[in-house]
Structure formats: structure tokens, C-alpha cells
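Chains A and B, in that order, give the protein sequences. Residues 17 to 470 (full-length UniProt numbering) are what the first sequence spells out, left to right. Residues 17 to 470 (full-length UniProt numbering) are what the second sequence spells out, left to right.
Think of the hints as simulated: they come from the structure by calculation, not from any bench. Accuracy of the hints is not assured; some may be wrong.
Chain copies aren't distinguished; within one or between two, either way the pair holds.
Stated by the list, open to error - No farther apart than 27 Å at their CA atoms in a straight line, the calculated lysine-lysine pairs in the DSSO-like style are these: (1) K161 x K337; (2) K34 x K248; (3) K248 x K100; (4) K243 x K75; (5) K273 x K379; (6) K348 x K220; (7) K248 x K75; (8) K243 x K82; (9) K379 x K318; (10) K243 x K409; (11) K409 x K220; (12) K362 x K409; (13) K88 x K248.
Number of protein chains: 2
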Amino acid sequence: SVSAMAKQAPSFDEADLKVAAELRDQALNSSLDYEIVESLTTEVGPRMAGTPGDAAAVKWGVAKLKELGFDKVWTEPVTFTTWKRGVEMAEVIAPYPQPLVITALGFSVATPEDGLSAEIIQFDDLDALKNAPEGIAEGKIVFIKNRMERARDGSGYGPAVAARGQGASQAAAKGAVGILIRSIGTDSDRMAHTGMMRYDEGIKKIPAAALSAPDADLLENMIRRGKPVTVKMTIGAKQGGEYTSHNVIGEVTGSEKPEEYVIIGAHLDSWDLGTGALDDGAGIGITTAAAKLILGLPERPKRSIRVIMFANEEQGLVGGKAYAEAHKDHIKNIITAAESDFGAGKIWRIDSKVKPEAIPAVKQMAEVMEPLGISYGNNQAGGGPDLIPLRGKGISVFSLRQDGTDYFDYHHTPNDTLDKIDPEALRQNTAAYVIFAYLSAQMNGDFGTGFHQK
Amino acid sequence: SVSAMAKQAPSFDEADLKVAAELRDQALNSSLDYEIVESLTTEVGPRMAGTPGDAAAVKWGVAKLKELGFDKVWTEPVTFTTWKRGVEMAEVIAPYPQPLVITALGFSVATPEDGLSAEIIQFDDLDALKNAPEGIAEGKIVFIKNRMERARDGSGYGPAVAARGQGASQAAAKGAVGILIRSIGTDSDRMAHTGMMRYDEGIKKIPAAALSAPDADLLENMIRRGKPVTVKMTIGAKQGGEYTSHNVIGEVTGSEKPEEYVIIGAHLDSWDLGTGALDDGAGIGITTAAAKLILGLPERPKRSIRVIMFANEEQGLVGGKAYAEAHKDHIKNIITAAESDFGAGKIWRIDSKVKPEAIPAVKQMAEVMEPLGISYGNNQAGGGPDLIPLRGKGISVFSLRQDGTDYFDYHHTPNDTLDKIDPEALRQNTAAYVIFAYLSAQMNGDFGTGFHQK
Ligand SMILES: [Zn+2]
Ligand SMILES: [Zn+2]
Ligand SMILES: [Zn+2]
Ligand SMILES: [Zn+2]
Chain A
17 SVSAMAKQAP SFDEADLKVA AELRDQALNS SLDYEIVESL TTEVGPRMAG
67 TPGDAAAVKW GVAKLKELGF DKVWTEPVTF TTWKRGVEMA EVIAPYPQPL
117 VITALGFSVA TPEDGLSAEI IQFDDLDALK NAPEGIAEGK IVFIKNRMER
167 ARDGSGYGPA VAARGQGASQ AAAKGAVGIL IRSIGTDSDR MAHTGMMRYD
217 EGIKKIPAAA LSAPDADLLE NMIRRGKPVT VKMTIGAKQG GEYTSHNVIG
267 EVTGSEKPEE YVIIGAHLDS WDLGTGALDD GAGIGITTAA AKLILGLPER
317 PKRSIRVIMF ANEEQGLVGG KAYAEAHKDH IKNIITAAES DFGAGKIWRI
367 DSKVKPEAIP AVKQMAEVME PLGISYGNNQ AGGGPDLIPL RGKGISVFSL
417 RQDGTDYFDY HHTPNDTLDK IDPEALRQNT AAYVIFAYLS AQMNGDFGTG
467 FHQK
Chain B
17 SVSAMAKQAP SFDEADLKVA AELRDQALNS SLDYEIVESL TTEVGPRMAG
67 TPGDAAAVKW GVAKLKELGF DKVWTEPVTF TTWKRGVEMA EVIAPYPQPL
117 VITALGFSVA TPEDGLSAEI IQFDDLDALK NAPEGIAEGK IVFIKNRMER
167 ARDGSGYGPA VAARGQGASQ AAAKGAVGIL IRSIGTDSDR MAHTGMMRYD
217 EGIKKIPAAA LSAPDADLLE NMIRRGKPVT VKMTIGAKQG GEYTSHNVIG
267 EVTGSEKPEE YVIIGAHLDS WDLGTGALDD GAGIGITTAA AKLILGLPER
317 PKRSIRVIMF ANEEQGLVGG KAYAEAHKDH IKNIITAAES DFGAGKIWRI
367 DSKVKPEAIP AVKQMAEVME PLGISYGNNQ AGGGPDLIPL RGKGISVFSL
417 RQDGTDYFDY HHTPNDTLDK IDPEALRQNT AAYVIFAYLS AQMNGDFGTG
467 FHQK
């Protein structure tokens, strides 16, 4: 019946919408989010999975959540194989000797200790390499020169990053002894962008590195002159042993249905080159500060809110997978979830992945965000990388989409540092997250579950 | 008498002003300037004084000037003591261990091979260090945190750079064992800016390096927490032997008074970190392309024009000093001179240092530049760093002042690469230089000589 459907349709009490608006305005007047990122980047800095920085970050996360007065703070183990960056150098040997700036891609194997010298063979992009004749790169170093395009939504990343992930095995399949890609980034700084790559089974593992944009330009300019270009690359990276890090979790425990909870989170690990301010210190600051504002209310929300600082997102969403596995028997307790992992630009849109009957409620939530410049988008949210494993188990998710126009200027480079964060934009993010978290914890009804993933 | 004065007042023939305007428009339609910088940065790249890149640059310069058809091409020796950059690393040891990005300052001594660890003592600027009590930095590493201000005319450089030049000896005088300065630059990229420093006689030589801006921020943030901050720095730099490089000179030989000549020039050397596109490949491209346009005229100008590619500007104006010394007996042959050494931004003003009677002629010259957005400034031109020694011998000079708003974002860093040059702005520079060089070679009368330097 119509009345039964109405009963099931999720909604928010007027009083809760009012509190959400107040929390939003408090967020806009608080610098706690920035203080948290400043603390993480200053007191911990780089925190690549499996390094001492990783351990320091876990310790920092637990201490910070306790210091902020979360009702419960705990960790859950996350185990993975580590990778260690070693020396990384490259230079043009001939015809125009000069140094090149590179960085090894995550999980690259090493070159021989005294380097690998070979002629360069250039490809426009990964497809050109895939479509090239067998053996074309025999004994050579493949250079893929494709450029990532700048976009607010980061949509240039997907097409470009395939060269990073798959380039090495595709190159090896054509006989190459090494691969250099133009960095997956939108800047023209002389810094190379790291990030994960993977070797296909049964294909020779060859060393893989990214050139900074100016160095990729340089190689192109040399190659255009028509003489063979010989490059020497030296990579000292190696796989390490098993390591157990931890997801760090802080809970605002609900007053009515404490077992039901909303997840807001970010990943605590970073790459090693920068201090991980944008990726993903910003997300840690935003979500932790949002929950802290809710802790400041006179009473706890009806449901719980969990801030999850995921371990080792960078090298394979390992923390996200571990959380989904550890909580697989209680997936229904997760009301909904959103991860902040796209830097510190302002949020401009909120997308959902909820049951159709819940969309009117999402739009009500979006209205509270409207003064922040945020409008409702669509019902095809992804929710964030560490939520992929939980999404696979059917949870509803939200994407609070940030302006990522500049994100890939700094992404996975030494330039990912605190000065790149605009405190005002960060506050706007926190304001949106506190609305999302508080209203989701207070809502009448639910966002649904059992969504299929594409 | 009035008529005698009028006779002596320099002037330009109408026909010459017309040719100058034509040359200007040709320059705006030529990409030769950019092609020259592209060639230098691609085929030579970094060319720090005394390195193989220096030798390659001299070879390149001679070949390029010959290829372009200069009437005479020759080199003149320039001898100096070299400096070699070695390993350069730093890290915070306590209380928050993490790496720091540094670069050694030119002519810094090394630390012990396994590094130098000491507590940091922070000063606001060089004056604060100078005014501090005796012995205040005993056994410590001094950190000077002053920031350079951005300005179109680069006026923030002078006040800030004193910390780089004099910081080490001032710190050593207070007992310090090392010094770190915030990079002299206007960017917030995680790249340190190198550049010369000097040790005072009779004071202990301590290792000196610059921190990137984000790393200087990081140190400040750590220090603000109040606990002692210990840094380890490792510098492997050392002084090398004597080396003889060369000024490379190309001449457009005058048709009437070939022994009289106008100098346009730039420095051929660069620091080692970038490819020296802005500093000073741009100047090489601008001045060489300007002279080449004059070579393309149906007849040679009355006087000669010399393009001088100065050796080793960076480590003490050595090429400029050598030229002044070698030509000291024929200073009067130098009609006037201008060096391009401030990047590739558009020229917005022309200043002169000429006899007062010549100022109306300079204003006529400036009128030809007006369509380029250039106006006459004043009669207090400096002329450029490599012209300082010639200025000391009384020559007239011109400063074609470039927009340097962004210059110190890249100055002396790995980021000084070709992509930072806007080809259109470069052409505007060439257009101004060709007007200056041609009209000066054609003028009736002279700009005067015997100017005293402040
Ligand atoms: Zn991330
Ligand atoms: Zn990342
Ligand atoms: Zn210079
Ligand atoms: Zn310089």
C-alpha cells in the first residue's frame, strides 16, 4: 500500500536537519581538519605501507582519536607483502648525455646493480604498444609518451594510468628489457609520479619507472632528431617481506542503535615521496574533524559513526579488503559509507548509490549542503577506493565529489605537501561530511543494501 | 654653441628606424629563438662551469653560430676553480624522523662522509643571526627561514639572497657547524634552489645547503612544537681543480666601422640541476636570433654586433671579467651593451645608462618598441651581470627589463626546463633586442662612455 511504502521511505526529522545545518556552520568556523593534517604530515610525514612511517602513522592515528575523545578507538590487522624503493637514476647516454628524473613504479623489480643501458623505442600510448608487431622492442627500453588530461573530475586519470599498470608486461611481451612512462600527472614539474604497477603471470618482469613531464618532453625532443637514443636506468627497488599494519578506527557510539553505523574514512598510508598531505592526509583531517563535531553535540546520534583510517590503500586497497573480510558477517549494520580520497579541493556534487525510494531523502540532505555550493548528482556513486570491497558486499555508498583540477599536479610526487592544502576548501569538505554523517546516523528508515556492482 | 651640441647629439636616420620596425615584425614571426633554446637544452642540457656539459655547450655555441652564418666566430679562454656537487641528503632525526629535500649551495664544503647531525637553531633572517649573541649557535645547525617576496622586477631577490651568500660565515661566527636556508625562491615546489655562497676569510667553513620551501615549512612547524629538532645533513660537495672554459663570440661584422661594436649577450653556463632553459638558455636564444635577423638584411649594419655567450656567470661572473680584461685596451670600441639574463618573460621597460644628450635618441628607440608593450624607464640601467666588469670600465649599457614574476619559481632548480618558456614571450624579447642592436649599430653619434659606477 501507499502508506506502507511511505513508512519505508527514509526521511529526516526537521530537528535533525536543523542540527545538520548547525554542524555545517560550525565546521566552516573550525580549523581542526587542517590541524589534523598538519599534525599527521609534520609528526609522521611519509608513511608508505610497511615502512617505519606506516607504524608511526598507526600510532599517531590511535593517539589522535583518543585525544579527540572518540567513544571507542581500536585497530584491526592488515597484512601484506611490502616493497622497498632503492636507488633510482636514469641518464641519456647517447647521443646527448644528460641526466633524467625518474621514480620507480610500485612493485617494480630492480635493474642490474650497475644499471641497464638500452636504446629507447617510443610509443604514443599503451594501445600502440599492444598493437605493435611481436618482438618490436627486443632488447630495448620502451618509452610510452601519453599525456594525462586535466579535468575537474579527474577523468583523465583512468585512460592514462593503464600505461602505468600494464605497460611493463606489455613491453616485456614485445621483448623489452625495461620501461619508462611519462608520469601520470597534469603538471610540468620536474618530479616523477609514482604509483602501482602489476606484472602479468608468465611474462618476464622488467624494471618500470616514470619520467617527470619535462624529462618525457626531453626524450621526445631527442627522439625526434632521428638518431638512436640510449638510456641507462638504475633501479634498486625490491620486494620485502610480509608486514602487518592496521586499520585505525574511531567510533562515535550511537545512543539508540549502536550496532548500526555510518562509515566515513580515508586512507592513512601514503606514498613515500611526499608527506601525503593531499593523498590522503586531507581525507583523514576532513573525516576525523567531521566526527569530532558530532562528538561535541549534547547527545550522541542514534546510530554510530565510524571513522576508518584505512591501511595500505596505495598498494592494493589492502585495508579496505581486510575491513570487508573482517566484518563480512555484519554488513547489514553498515548504514552507508563515504571515503574522502581525492585531495583537498572543494566538493561540488554529492552522488549516492542507494535504493530508489531513498533518493528524495538524499536530495533533502543535499539541500543542507547547498550553501556549500554542492548539489545532488546521480545515483551512481562509487564511494571511494577502500569501499570497493564493501560495495562488492552490497552496501550503499556516497561520493562527495571534490574539485580535482589540480590534484594530479601533485599526486604521488614529492610535491604532495601541506602547503598545497587550502584551509578554507578543507573546511567546506568537513562541513559536507558532517552533514552526511550526522543525517545518515539519524535518519528514519535506511538507504537499502544488496546493490550489485558493475 | 647650440648647433655644435645638436651635431653631437646622437640620432637615428628615418630609414634605419623603418628597418628596425621591419626587423621587429620579422622577429615576431620567427621561432628561431625558441629553436635555439630547444637545441641547447636538448643537445647539451645542464652545463655547470667546469663540467662536461660546459665543454659541450662551448662546442655547441661555436657550431650554432657558424651554422647560422655569423661573419666571425671565435672563443676566448676563461679560467676558474671548479666545484663539484656530490651526494646531498638531509633528514630530521628527532623528534619526528622524516626526509628533507635540500641542495648544496655552490662552493659549499662537504660534511663528514657519514653526515653531520646537530640540533637546529632557527633565525628569522640574516640580520637576526648577525645580531644574535656570540656562541648562540655553538655546535648547532643554523636554519634561516626568511622568505623571498614575489615581484615583477625581481626586487625580492636582493634582500633574501644575502642569507645564501653570507649565511654560512655568519653562522660559523656564532659557533654553528652547518647551515640550512629556506630556498631563495618564490615557489612552493619541493625543490631546493642552488646558487653561490662565499666564505669569509678567517672563519671556519661550514657546509651550507638550501631546503625546498615545503621542507622549510616543515622545519618551522616542527620547531614551533618546542622540542629540540635534530637534523642530519650529508653533503659530498668538493672544490675541483682549475678549468678553462670559453666565452663564445659570434660577430656580424659592420660595413663602415667594423671595429666599433654593440654587445648583446647572455651566459652560456647554467647550474647543474635543471637544463638551464630560463637561466640562461632564453638569453642565448633571444640574442642569437636577434643577430641572425640582422644577418638576413641585404647589407651589413654600419658597426659590428657581437653576440657574446659568456662562460661561468653563475660562479662569479668569470666570463664577464675575462672579456673585460681581454678587451680593456679597446673599451671605446664598445658602443653599448645589453645582456638578457632574467628568464623568458616579456620585456616591459627599457632603461639606459647613456650620456644625457643621448636620451632623446633612446626614447626614439623605445618608440619602435612601443607596439611590443615596452616603454622607456630611466637612465639608471645596470645592463646585466656579465656586463658589470665592462661597466666598471665605463661603457654605456641598456637594460631590457623582463617580467620576472615567475622567474624565481624555477631559478636554479631542476624545474628550469624548456616547458617553462612561452615561445610568444620569447619572440617579443627577440623583437626588442633586434631593435636595440640594429639601431645602436646604425646610430649617428654615440651613447657616451666613462660612466662612473656606484
Ligand atoms: Zn589516495
Ligand atoms: Zn594515491
Ligand atoms: Zn643567469
Ligand atoms: Zn643563475
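Hints, one by one, checked against the model:
no. : hint        : in the structure
1   : K161 x K337 : neither (33 Å within a copy, 44 Å between copies)
2   : K34 x K248  : neither (63 Å within a copy, 53 Å between copies)
3   : K248 x K100 : both (21 Å within a copy, 22 Å between copies)
4   : K243 x K75  : between (54 Å within a copy, 19 Å between copies)
5   : K273 x K379 : within (24 Å within a copy, 83 Å between copies)
6   : K348 x K220 : neither (44 Å within a copy, 70 Å between copies)
7   : K248 x K75  : between (41 Å within a copy, 24 Å between copies)
8   : K243 x K82  : between (62 Å within a copy, 22 Å between copies)
9   : K379 x K318 : within (21 Å within a copy, 79 Å between copies)
10  : K243 x K409 : neither (55 Å within a copy, 47 Å between copies)
11  : K409 x K220 : neither (35 Å within a copy, 67 Å between copies)
12  : K362 x K409 : neither (30 Å within a copy, 59 Å between copies)
13  : K88 x K248  : neither (53 Å within a copy, 39 Å between copies)
Consistency note: the structure conflicts with the earlier hints numbered 1, 2, 6, 10, 11, 12, 13.
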